[in-house]
Amino acid sequence: MQIEKILLVGNPNVGKSTIFSRLTGVKVIISNYPGTTVEFSQGQMKLGDKNVMIIDIPGTYTLKPTCEAEEVAVQMLQEGDVVVNVVDATNLERNLYLTLELLERNIPIIVALNIWDDTKHCGIHIDVKKLEEQLGVPVVHTCGLSSEGIKELIGRIPEAKSGKIPVSSDGDRWEKIGKIVEAAQKLTHRHHTFLERLEDLSIKPFSGLPIALCIIFGVFWIIRFIGESLIGYIFEPLFKNLWLPLMMSLSTSLGEHTFLHHIFIGNLIEGKIDFGLSFGMLTTGLFVPIGIVLPYIVSFYLVLGILEDFGYLPRLAVLVDNFMHHLGLHGYAIIPFILGLGCNVPGALATRILEERREKFIAATLMAIAIPCMAQTAMIVGLVGQRGGEYVAIIFFTLFVLLVIKGLILNRVLKGTSPEILVEIPPYRIPQIQAVFKKLWMRLFGFLKEALPLVLLGVLFVNVLYTLKIIDFFADMFSPVLTGLWGLPKEAASALIVGFLRKDVAIGMLGPLNLTTKQLVIGSTILAVYFPCIATYMVLIKELGIKDTLKATFIMIIVALLTGTVLNLIL
Amino acid sequence: MIVDVTQMQPGEIGIVKEMQGGHGLIRKLQSLGVRPGKKITKVSSHFWRGPQTVEIDNMQVAIGFGIAKKIFVEMEKCK
Chain A
1247 MQIEKILLVG NPNVGKSTIF SRLTGVKVII SNYPGTTVEF SQGQMKLGDK
1297 NVMIIDIPGT YTLKPTCEAE EVAVQMLQEG DVVVNVVDAT NLERNLYLTL
1347 ELLERNIPII VALNIWDDTK HCGIHIDVKK LEEQLGVPVV HTCGLSSEGI
1397 KELIGRIPEA KSGKIPVSSD GDRWEKIGKI VEAAQKLTHR HHTFLERLED
1447 LSIKPFSGLP IALCIIFGVF WIIRFIGESL IGYIFEPLFK NLWLPLMMSL
1497 STSLGEHTFL HHIFIGNLIE GKIDFGLSFG MLTTGLFVPI GIVLPYIVSF
1547 YLVLGILEDF GYLPRLAVLV DNFMHHLGLH GYAIIPFILG LGCNVPGALA
1597 TRILEERREK FIAATLMAIA IPCMAQTAMI VGLVGQRGGE YVAIIFFTLF
1647 VLLVIKGLIL NRVLKGTSPE ILVEIPPYRI PQIQAVFKKL WMRLFGFLKE
1697 ALPLVLLGVL FVNVLYTLKI IDFFADMFSP VLTGLWGLPK EAASALIVGF
1747 LRKDVAIGML GPLNLTTKQL VIGSTILAVY FPCIATYMVL IKELGIKDTL
1797 KATFIMIIVA LLTGTVLNLI L
Chain B
43 MIVDVTQMQP GEIGIVKEMQ GGHGLIRKLQ SLGVRPGKKI TKVSSHFWRG
93 PQTVEIDNMQ VAIGFGIAKK IFVEMEKCK
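Going down the list, the protein sequences come from chains A and B. Sequential numbering from 1247 applies to the first sequence in this note's numbering. Sequential numbering from 43 applies to the second sequence in this note's numbering.
Hints are computed from structural coordinates only; laboratory data are not their basis. Please note: incorrect hints may appear among the correct ones.
[To be verified] Reference listing, derived: stretches of chain A covered by chain B, where coverage requires no fewer than 3 residues with Cβ under 8 angstroms from a Cβ of chain B:
1. 1334-1344
2. 1447-1461
3. 1568-1580
4. 1658-1671
5. 1801-1809
[What the hints assert, rightly or not] Facing chain A, a subset of chain B residues (Cβ under 8 angstroms, in silico):
6. 63
7. 64
8. 66
Glycine is no exception: its CB is placed at the ideal position from the N, C-alpha and C atoms.
Construct the complete structure from the given sequences, taking the supplied hints into account.
Take a look at the structure:
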């Protein structure tokens, strides 16, 4: 048998991505909730002396998909030479349905009984040999997290064979599964563990809501504490004591008022470099992404990673389900929103876990308008926070109100109703420190790789626009809206233009404009609302299609116009 | 006594009798473990016709109110 492509197929949240990462060494985001993987990822592995391709596929319960992430899975199936069917050993019965469906197809299969380590304290005993007899294909027990059994899995991949069982009806399949499970699995009684009691508490409304409030409040303070500490003790001193002298000598050798000085160092403020205001590529261009945004990215993703791996997010989804229904969504849409708080790009991709187009449209549009990414948040906290915490609060409160109003309206206006939540709640698992840091590092690396070049480009772009005086043209063109409706100086046009590229730089550009606090609040809010950054916009086009993206864009412009005007009137 | 899932009290245990709904819904319920003959434990129910959580085979599942209304469960006589 010629093996070139191996597919990892299985139910959601059974650990396909963990096994994928073990097999290929390719780093992928792994979390403890169904729907983490919404796109397939591929990597290489050595099998014998040949390189084979491994493809990690989004989880699916059946080969008849119910949402887009599952569709991706089923489409991929035609392309594989071998399927590694990853099965959650603690939930054998449910998982075997997909296994039987796979066995009915003419494709070689090997079963990986994953999460094996958990079976012991769950009181589950599975006879692997018997299961192998029953299914007629090789079965290997694995634990992706500790890499137990991975070697054996690789060794036995060539033994994979097709099941060649006849296609049967739903009822027959479940009957067959019943027999298989009876033959291969024994359950023993056991007592509830502490984590399980905590699981119950966090999903019952009377205890769950207070727990959720505590967690949200705690998370907020921890993110702030870590972010501020990183800035205060590490990043600011680095920039002040190491980078500033270097830049000052570069400034002297380039000479003020030269073109290169303008591009790299920017303007001197009272004869000195000001990292917030100078706006050169090597000064503000580096300080914004690394000195202000990066510390908050670190703290946000560290805390998010722990929550994800612990398995808390689906429980939060259940608690907010009722509220989200008013916005035309169900509770699980909180997951794209939470991811969007880090960066809107993975947030927009995660809308794939939602079943219907209408829901996806609402979730994506609401997120693009009202969920500020961490880069934006860090800048708002940094810039507006200097004028007082209450002004930061006004901005976020405005965004929240916009989210609710827009959701209410879209839910009324768009045809159809929101589907109901139907999702499995994974067990709590104690996050592994190593896994948490690995994930954090991937996300940081992703940020530096994607964002840093765009920020530098943005700053360069601003300087070129200023040097060529093009900015004056735009400023005059937009001044009726900027000055007339929003009460901002027309120079703020440059921030709006750069905001298409990167929101953090755009908010930073409000700094040198000498705005009043009111103007700063209005400016930051509009920058958050009027348009997503280019990277998010590309994903929106990919996910929603051109037509719906244009609709969403239209909504964003209207919302920005209205919000700015209303804020200008009431503040 | 046959009730639907929304009528069960937290902590009560029953046996799934029947589910109503379209093919897609039934299939998804089945693959989440909700099938006739299975032991089902109610875990919680949220205010204002909110989602219902149940436990089947050691796994918790959150079920929207409307869907939960269509899942019928045989309960032991009141004790």
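Quiz prompt | When the least beta-carbon distance from residue 63 of chain B to chain A is tested against 8 angstroms, hint result | solution = violated, 10 angstroms
Quiz item: Residue count check for the region 1447-1461 of chain A against chain B: does it reach three with CB-CB under 8 angstroms?
Solution: As far as the region 1447-1461 of chain A goes, the hint holds, because 4 residues have Cβ atoms under 8 angstroms from chain B.
Quiz item: Okay, the region 1801-1809 of chain A and chain B, do three or more residues pass the C-beta test at under 8 angstroms?
Solution: Three-residue rule not met by the region 1801-1809 of chain A, so violated; n is 0.
Quiz prompt | Assertion that chain B covers the region 1568-1580 of chain A - criterion: three or more residues, beta-carbon distance below 8 angstroms | solution = Holds, because 3 residues of the region 1568-1580 of chain A bring their Cβ atoms closer than 8 angstroms to Cβ atoms of chain B.
Self-check item: Verdict on chain B covering the region 1334-1344 of chain A, criterion of 3 CB contacts below 8 angstroms
Solution: holds (count 6)
Practice problem: Given that the region 1658-1671 of chain A was listed as covered by chain B, double-check it with a C-beta distance under 8 angstroms for 3 or more residues. | Solution: holds (count 7)
Quiz item: Any CB of chain A closer than 8 angstroms to the CB of residue 66 of chain B?
Solution: holds, 6 angstroms
Quiz item: Holds or violated: is there a CB of chain A closer than 8 angstroms to the CB of residue 64 of chain B?
Solution: violated, 11 angstroms
Going through the hint list in order, the structure does not satisfy hints 5, 6 and 7.
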